[in-house]
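Trainee: Heads up: the sequence lines are chains A and B, in that order. Quick note: our numbering has the first sequence finishing at residue 578, numbered continuously throughout. Quick note: our numbering has the second sequence finishing at residue 578, numbered continuously throughout.
Since the hints were derived computationally from the structure, they do not count as laboratory data. Bear in mind the structure is a predicted one, so any value in this text is a computation, not a measurement. A couple of the hints might just be wrong.
Since the list gives no way to pick out one identical chain from another, each pair is judged satisfied if it fits inside one copy or across any two copies.
[Said to hold, decoys possible] DSS-like cross-link-like pairs, simulated, lysine-lysine; straight-line CA separation at most 30 Å:
id, residue 1, residue 2
1, 559, 489
2, 279, 480
3, 245, 480
4, 285, 526
5, 489, 279
6, 410, 489
7, 426, 526
8, 279, 245
9, 245, 427
10, 493, 245
11, 257, 285
12, 279, 526
13, 245, 526
14, 257, 410
15, 245, 257
16, 359, 427
17, 493, 275
18, 426, 403
19, 559, 427
20, 291, 245
21, 359, 493
22, 526, 480
23, 285, 245
24, 364, 279
25, 275, 480
26, 526, 275
27, 285, 489
28, 275, 359
29, 489, 275
Number of protein chains: 2
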Amino acid sequence: MPVGTVGSVKAISPDELRDDIKAQIILGNTYHLYLRPGHKIIEKAGGLQKFTNWNKPMLTDSGGFQVMSLSGLRKITREGVRFQSHLDGSYHMFTPERVMEIQNAIGADIIMSFDECPPYPASKDYIAKSLDVTLEWAERGLEAHNRPEEQALFGIVQGGVHEDLRRKSAEALIKLDFPGYSIGGLAVGEKKEDMYRITSFLNNILPEHKPRYLMGVGTPGNLLENIRNGVDMFDCVMPTRNARKGSIFTRHGKLIIKSARYEEDFTPIDPECNCYACRNFSRAYIRHLIKMQEILGMRLTSLHSLHFYLELMGMARQAIFDDKYEEFANDMVPVLESIVDHI
Amino acid sequence: MPVGTVGSVKAISPDELRDDIKAQIILGNTYHLYLRPGHKIIEKAGGLQKFTNWNKPMLTDSGGFQVMSLSGLRKITREGVRFQSHLDGSYHMFTPERVMEIQNAIGADIIMSFDECPPYPASKDYIAKSLDVTLEWAERGLEAHNRPEEQALFGIVQGGVHEDLRRKSAEALIKLDFPGYSIGGLAVGEKKEDMYRITSFLNNILPEHKPRYLMGVGTPGNLLENIRNGVDMFDCVMPTRNARKGSIFTRHGKLIIKSARYEEDFTPIDPECNCYACRNFSRAYIRHLIKMQEILGMRLTSLHSLHFYLELMGMARQAIFDDKYEEFANDMVPVLESIVDHI
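Let the hints inform the model, and build the full structure from the sequences given.
Mentor: Next up, the structure:
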């Protein structure tokens, strides 16, 4: 899922997302949308899809991750989290009920329980206590959810890198019978081996017939490794954020477009790629645009990287259908994690 | 002509320029393109059109205006101008011959003589001496132009706000028989009445059957007033630059999208406008994007403002054909110069 933090996938239009990138669903951040423009305005517009002119599925997160990142500006109690806006310092309170009210107003198709995402590293004791609160919040959110027929509410599995806590979390949420399960609290600084260990561990616990969403992950290699472990859905700002700085994802690895080697390279980013950037522009031109901080440069690199991410997911899906996923992932991951040497 | 300073009309793709904005020609700045990516790279790419994937006409300016704006970083002699790059302080020399070599390499369809654009205000004595040099440079450029069959070289009329100097400049250039004439040295700080007086004065001197290009102008009202005075071509960064900050040009005047009045306004920027922004997005959404400094916001406002500028030029052309131009301009100018009150 491309990430549209405040209601726009950065640099990209909804038409490009639909026609070129072929995104099926995009994500909005509850915390950001609540602050600006405010969920009441989005509700008056007829929901986030109408407001942003995106006519396909959408998902909102719970705000938990963003609120927890405001260290020093927030206070956690059993009731909820009191925090100060990073924009203007104003005080706000998120509770499971409030977050549900906000997400009901924003109106995405898939919404998230309010959770505490503990920092990394944190003591196991802290994570265990935090988990108890998050499980209570999951129940309260489920209770408060006003549009269950229209919006699928996912529970968020927490528990850090501890398998016993992850099991406890997953089993408690499964009892509440959510239509899907998110895996939170990963990609927060732990080693990627720990991330893979936890998704692999949860693969045997989470129900097979319901979607599993790994929040905030990751590199193309991370995606393939976690698909191996049964994950179905991902979101990450990486393709767009890195692209704006000129680090472009391709099937041959990362292409650092500012490199002098591309100064007079009049071939596309990826000659085999079918995106608007690769069909129309050269590395030399895109390099020049990125160096000059031209918006068109950020548009083209973001477009390509998102196109590639979605295409990679299509390839993974096909490999699963063809029963060749392990081979596919084993071949691709090392290439994806390299710097492009020659295409 | 939308302005593509370093080879990109800011925030806009060539497809949008062609299909939505319906631009017939765009401009590149010789000074900027010479510094980055360098005219040699553009030449290797096959010219600026190929480099930027713009398959319609293009114009480059002479670099004179930009170089003169580097006050303190430049030294003018009869030979040319020695200056320091605003990017890295490196030393460079522009002469009429060098500027022609650069523009021949860049390869635009219409190119400009190297000129001195005196600051405003300047003494009449200074402007007269500067004009003599500029006329010498025009001859030298004409001589040095290597692709006259492919690139139309325009002479630039200078002379400040002084009619006798403007006459001298225009008559000398007319003798050199350029395929078109530019009017430089206006919109540099003088009153708009002085600008209109000079274009009106030149209207009787410049040959009717050759294009007249007023450089660096201006607001929609400026355009209509100068069309009255026989000007055929304009370029200005105003539609895009102002749009990125949320000041949007419409047929009803300037719309300041950040205004609180648009917070819950779910109508388009201009309900009668046919551009991508107006067909798909509301003022409330665009306001939110611009306030959040989202790239999509800058894309949409830039797209609309350029679409409007080109549409306004089409309306002016039609009014001329219909022999109703004076009435059209008299009606439109006061509206265009107002702030939108209600659409």
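Trainee: State for each hint whether it applies.
Mentor: Hints versus structure:
In this assembly of identical chains, the alpha carbons of residue 559 and residue 489 lie at most 30 Å apart only when taken from the same copy (24 Å versus 59 Å across copies). Taking CA atoms no more than 30 Å apart as the test, residue 279 paired with residue 480 passes between copies only; the shortest distance there is 26 Å, against 36 Å inside one copy. In this homomeric assembly, residue 245 and residue 480 come within 30 Å of each other (Cα to Cα) both inside a single copy, at 13 Å, and across copies, at 17 Å. When the C-alpha separation of residue 285 and residue 526 is checked against a cutoff of 30 Å, the pair qualifies only between copies, where the shortest distance is 19 Å, while the shortest distance within a copy is 35 Å.
For the homomeric pair residue 489 and residue 279, the shortest alpha-carbon distance between copies (26 Å) is at most 30 Å, but the shortest distance inside one copy (42 Å) is not. Taking the shortest alpha-carbon separations for residue 410 and residue 489, neither the intra-copy value of 42 Å nor the inter-copy value of 58 Å comes in at or below 30 Å. For the homomeric pair residue 426 and residue 526, neither the shortest alpha-carbon distance inside one copy (33 Å) nor that between copies (37 Å) is at most 30 Å. Taking CA atoms no more than 30 Å apart as the test, residue 279 paired with residue 245 passes inside one copy only; the shortest distance there is 23 Å, against 32 Å between copies.
Proximity of residue 245 and residue 427 under a CA criterion of 30 Å is satisfied intra-copy only: 27 Å inside one chain copy versus 39 Å between copies. With identical chains, the CA atoms of residue 493 and residue 245 are at most 30 Å apart both within one copy (20 Å) and between copies (19 Å). For a Cα distance limit of 30 Å, the shortest separation of residue 257 from residue 285 qualifies both inside one copy, at 19 Å, and across copies, at 28 Å. For a Cα distance limit of 30 Å, the shortest separation of residue 279 from residue 526 across copies, 19 Å, qualifies, whereas the shortest one inside one copy, 41 Å, does not.
Both within a single protomer and between protomers do residue 245 and residue 526 lie at most 30 Å apart by alpha-carbon distance, with minima of 18 Å and 14 Å respectively. Taking the shortest alpha-carbon separations for residue 257 and residue 410, neither the intra-copy value of 35 Å nor the inter-copy value of 59 Å comes in at or below 30 Å. Proximity of residue 245 to residue 257 under the C-alpha cut-off of 30 Å is found in both arrangements, the shortest distances being 16 Å within a copy and 25 Å between copies. Only within a single protomer do residue 359 and residue 427 lie at most 30 Å apart by alpha-carbon distance; the minimum there is 19 Å, versus 72 Å between protomers.
For the homomeric pair residue 493 and residue 275, the shortest alpha-carbon distance between copies (18 Å) is at most 30 Å, but the shortest distance inside one copy (42 Å) is not. When the C-alpha separation of residue 426 and residue 403 is checked against a cutoff of 30 Å, the pair qualifies only within one copy, where the shortest distance is 22 Å, while the shortest distance between copies is 76 Å. In the homo-oligomer, the alpha carbons of residue 559 and residue 427 lie at most 30 Å apart inside one protomer (24 Å), although the nearest pairing across protomers, at 71 Å, exceeds that limit. Within a single copy, residue 291 and residue 245 get their C-alpha atoms as close as 17 Å, and across copies as close as 29 Å, so both meet the 30 Å cut-off.
Taking identical chains as interchangeable, the C-alpha atoms of residue 359 and residue 493 are never at most 30 Å apart, the minima being 43 Å within one chain and 48 Å between chains. Taking the shortest Cα distances, residue 526 and residue 480 sit within 30 Å of each other both inside one copy (9 Å) and across copies (22 Å). For the identical chains of this complex, residue 285 and residue 245 are neighbours both inside a copy (18 Å) and across copies (27 Å), given an alpha-carbon limit of 30 Å. In the homo-oligomer, the alpha carbons of residue 364 and residue 279 never lie at most 30 Å apart, since the shortest distance is 39 Å inside one protomer and 64 Å across protomers.
When the C-alpha separation of residue 275 and residue 480 is checked against a cutoff of 30 Å, the pair qualifies only between copies, where the shortest distance is 25 Å, while the shortest distance within a copy is 34 Å. Taking the shortest Cα distances, residue 526 and residue 275 sit within 30 Å of each other only across copies (17 Å), while inside one copy they are farther apart (40 Å). Proximity of residue 285 and residue 489 under a CA criterion of 30 Å is satisfied inter-copy only: 26 Å between copies versus 35 Å inside one chain copy. Within a single copy, residue 275 and residue 359 get their C-alpha atoms no closer than 39 Å, and across copies no closer than 61 Å, so neither meets the 30 Å cut-off.
In the homo-oligomer, the alpha carbons of residue 489 and residue 275 lie at most 30 Å apart only across protomers (28 Å), although the nearest pairing inside one protomer, at 41 Å, exceeds that limit.
Figure legend: structure checked against the earlier numbered hints; hints not met, in rising order: 6, 7, 14, 21, 24, 28.
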